[in-house]
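Asks: If you want the building blocks of each chain, they are given just below.
Protein chains: 2
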Amino acid sequence: MKFSPLVDELIQALKCLPGVGPKSAQRMAFQLLERDRKAGQSLGHALSKAMSDVGHCQSCRTFTEEVHCPICASHKRGQSQVICVVETPADVLAIEAGGHFSGRYFVLLGHLSPLDGIGPDELGLALLEEHLASGEVSELILATNPTVEGDATAHFIADMAKSHQVIVSRIAHGVPVGGELEYVDSTTLALSFNGRLPL
Amino acid sequence: MKFSPLVDELIQALKCLPGVGPKSAQRMAFQLLERDRKAGQSLGHALSKAMSDVGHCQSCRTFTEEVHCPICASHKRGQSQVICVVETPADVLAIEAGGHFSGRYFVLLGHLSPLDGIGPDELGLALLEEHLASGEVSELILATNPTVEGDATAHFIADMAKSHQVIVSRIAHGVPVGGELEYVDSTTLALSFNGRLPL
Chain A
0 MKFSPLVDEL IQALKCLPGV GPKSAQRMAF QLLERDRKAG QSLGHALSKA
50 MSDVGHCQSC RTFTEEVHCP ICASHKRGQS QVICVVETPA DVLAIEAGGH
100 FSGRYFVLLG HLSPLDGIGP DELGLALLEE HLASGEVSEL ILATNPTVEG
150 DATAHFIADM AKSHQVIVSR IAHGVPVGGE LEYVDSTTLA LSFNGRLPL
Chain B
0 MKFSPLVDEL IQALKCLPGV GPKSAQRMAF QLLERDRKAG QSLGHALSKA
50 MSDVGHCQSC RTFTEEVHCP ICASHKRGQS QVICVVETPA DVLAIEAGGH
100 FSGRYFVLLG HLSPLDGIGP DELGLALLEE HLASGEVSEL ILATNPTVEG
150 DATAHFIADM AKSHQVIVSR IAHGVPVGGE LEYVDSTTLA LSFNGRLPL
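Residue numbers (numbering that gives the first Met the number 0), protein chains in the order written: chain A, 0 to 198; chain B, 0 to 198.
Any given hint could turn out to be false.
[Stated by the list, open to error] Straight-line C-alpha distance at most 27 angstroms; calculated DSSO-like pairs for lysine-lysine:
| no. | chain 1 | residue 1 | chain 2 | residue 2 |
| --- | --- | --- | --- | --- |
| 1 | A | Lys14 | B | Lys22 |
| 2 | A | Lys22 | A | Lys37 |
| 3 | A | Lys14 | B | Lys48 |
| 4 | A | Lys22 | B | Lys14 |
| 5 | A | Lys37 | B | Lys14 |
| 6 | A | Lys22 | B | Lys22 |
| 7 | A | Lys37 | A | Lys48 |
| 8 | B | Lys48 | A | Lys22 |
| 9 | B | Lys48 | A | Lys37 |
| 10 | A | Lys37 | B | Lys75 |
| 11 | B | Lys37 | B | Lys22 |
| 12 | B | Lys37 | A | Lys14 |
| 13 | A | Lys14 | A | Lys37 |
| 14 | A | Lys14 | A | Lys48 |
| 15 | B | Lys14 | A | Lys48 |
| 16 | B | Lys22 | A | Lys48 |
| 17 | B | Lys37 | A | Lys22 |
[Unchecked claim] Have a look at the derived ranges for each label pair, beta carbon to beta carbon:
| no. | chain 1 | residue 1 | chain 2 | residue 2 | range |
| --- | --- | --- | --- | --- | --- |
| 18 | A | Tyr182 | B | Pro17 | 55 to 63 angstroms |
| 19 | A | Gly20 | B | Ala125 | 33 to 41 angstroms |
| 20 | B | Glu65 | A | Arg34 | 32 to 40 angstroms |
| 21 | A | Thr186 | B | Pro17 | 35 to 43 angstroms |
| 22 | B | Glu65 | A | His172 | 57 to 65 angstroms |
| 23 | B | Pro21 | A | His172 | 24 to 32 angstroms |
[As the list claims (entries may be wrong)] Covered, in the sense of this in silico footprint (three residues per stretch, anywhere, with C-beta under 8 angstroms from a C-beta of chain A), are these stretches of chain B:
| no. | stretch |
| --- | --- |
| 24 | 2–9 |
| 25 | 17–28 |
| 26 | 31–44 |
| 27 | 78–92 |
| 28 | 131–138 |
Rather than coming from a laboratory, the hints here were simulated on the basis of the structure.
The beta-carbon is built from N, C-alpha and C at its ideal position, and this holds for glycine as well.
Produce the entire structure from the sequences given, and follow the hints as far as they go.
Replies: In structure tokens:
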């Protein structure tokens, strides 16, 4: 037995969300129908609007419905000479939550992964090279994830930047604050020794 | 820092779903924006349509966008003399998945809970009494949840049905198939002894 067509369609559609299977989708649909139709309406509206209107910032490639994202559009930060390269818009949020970086970003929206067909073109590296060639960039901080693909992407970009008189740095990898040495993996520990700083 | 208004609005709206917090909402929004805008569009469309068009079956109170749900509208089952009373539309689905019940349903959409202001009126018991008074019902099977509230609701409905010459029964509680006696709680075990059947 199925529910009525509209309810069924809603349950099927909810399964497109990551981590949501048939049972969760059913629970979500019933919760909205029983308790909170207004929230369901606004979610439907927000989804439709975001899916059709949100594009990418023409300067840093993060999500925005404007031509430039708030950071690139700001007078103070949009002209910054320091660019931080990250893999996803969520990384921008994580760095902004700390509030210690005041430059601008460049969002790759992925990492180099030749087997999946993701090369320099898909990561918008031509646009990044334009930024570098403009002479308005003094430092490039590579904050891609500390994974094999993230490291490969960082090295590729570092090679690309060499011809442009730009300082290229990679964020430090080491023991996280609050972590216990005993439980840190050996690769991280090795990196923390290699990256040691004079006190 | 916030995302652009539309992305932010989408993340906030996704938090209305049960079990979805700020991090999950962000992940869902980015997944849809990055990978599957078409699915996001259909979800938005399905939500808007379901929230505005889905009402309740006038006969059994389950969710449907028609006047009667598929079961109540069917020639074979809609006129059945056996009514199974359940708490939620999801319970209907669970029973239908078994395929062993061929009567019709009555969905309470909750259980008696005076402290939350849920009384007989909220559960549509007047409509159920109409069904009973019509003389077209021979048996009422009470399949509310085996909780304090579900039991109380079942007893309330049983009292109500007494004046209508209707057989009232409650589904059996006992050791579930595949369960191990060792791990079954004592109340369930006691109920399984009380409800024992001759072999």
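Asks: State for each hint whether it applies.
Replies: Hints and how they fare:
Using a Cα cut-off of 27 angstroms, the hinted pair Lys14(A) and Lys22(B) holds, with the two alpha carbons roughly 18 angstroms apart. For the suggested pair Lys22(A) and Lys37(A), the alpha carbons sit about 22 angstroms apart, so the restraint of at most 27 angstroms is met. Pair hint Lys14(A) plus Lys48(B) holds up; C-alpha atoms about 17 angstroms apart against a cutoff of 27 angstroms. Distance hint between Lys22(A) and Lys14(B) is fulfilled; the C-alpha atoms sit about 18 angstroms from each other, no more than 27 angstroms.
As the CA atoms of Lys37(A) and Lys14(B) are separated by approximately 13 angstroms, the hinted pair is consistent with the 27 angstroms bound. A threshold of 27 angstroms between alpha carbons decides the hint, and for Lys22(A) with Lys22(B) the separation of about 21 angstroms falls inside it, so the pair holds. Note on Lys37(A) and Lys48(A): the hinted pairing holds, with a Cα-Cα distance of about 17 angstroms set against a maximum of 27 angstroms. Between Lys48(B) and Lys22(A) the alpha-carbon distance is near 21 angstroms, which keeps this suggested pair within the 27 angstroms criterion.
Taken as a hint, the Lys48(B) and Lys37(A) pair is honoured in the structure, with Cα atoms around 12 angstroms apart against an allowance of 27 angstroms. A hinted pair counts as satisfied when its Cα atoms are at most 27 angstroms apart, and Lys37(A) with Lys75(B) does not qualify at roughly 37 angstroms. Among the hinted pairs, Lys37(B) with Lys22(B) is consistent with the structure: their alpha-carbon atoms are about 22 angstroms apart, no more than 27 angstroms. Among the hinted pairs, Lys37(B) with Lys14(A) is consistent with the structure: their alpha-carbon atoms are about 13 angstroms apart, no more than 27 angstroms.
A distance of roughly 21 angstroms separates the Cα atoms of Lys14(A) and Lys37(A); the hinted pair therefore holds under the 27 angstroms criterion. Taking the CA atoms of Lys14(A) and Lys48(A), the gap is near 20 angstroms; set against the 27 angstroms cutoff, the hint holds. In summary, the hint linking Lys14(B) to Lys48(A) is supported, as the alpha carbons are separated by about 17 angstroms, within the 27 angstroms threshold. A distance of roughly 21 angstroms separates the Cα atoms of Lys22(B) and Lys48(A); the hinted pair therefore holds under the 27 angstroms criterion.
A threshold of 27 angstroms between alpha carbons decides the hint, and for Lys37(B) with Lys22(A) the separation of about 22 angstroms falls inside it, so the pair holds. Between Tyr182(A) and Pro17(B) the beta carbon distance is about 34 angstroms. The supplied range of 55 to 63 angstroms is therefore violated. Separation of Gly20(A) from Ala125(B) is about 38 angstroms and conforms to the stated range, judged on CB atoms against 33 to 41 angstroms. Checked against the given bound of 32 to 40 angstroms, the beta carbons of Glu65(B) and Arg34(A), roughly 22 angstroms apart, lie outside it.
Between Thr186(A) and Pro17(B) the beta carbon distance is about 39 angstroms. The supplied range of 35 to 43 angstroms therefore holds. The hinted window of 57 to 65 angstroms between Glu65(B) and His172(A) holds, with their beta carbons roughly 60 angstroms apart. At about 27 angstroms, the beta-carbon gap between Pro21(B) and His172(A) stays in the expected band of 24 to 32 angstroms. For a cut-off of 8 angstroms, the count of residues in the stretch 2–9 of chain B with a CB near a CB of chain A stands at 7, and the three-residue condition holds.
Figure legend: the stretch 17–28 of chain B, annotated as covered by chain A; annotation consistent (7 residues with Cβ-Cβ distances under 8 angstroms, at least 3 required). Proximity of the stretch 31–44 of chain B to chain A, defined as three or more residues with a beta carbon under 8 angstroms from a beta carbon of that chain, is established by the 12 residues found. Remark: the stretch 78–92 of chain B is confirmed as covered by chain A, as 5 of its residues place a Cβ nearer than 8 angstroms to a Cβ of that chain, reaching the required three. Only when three residues or more bring their CB closer than 8 angstroms to a CB of chain A does the claim for the stretch 131–138 of chain B stand; here the count is 0, and the claim is violated.
Figure legend: structure checked against the earlier numbered hints; hints not met, in rising order: 10, 18, 20, 28.
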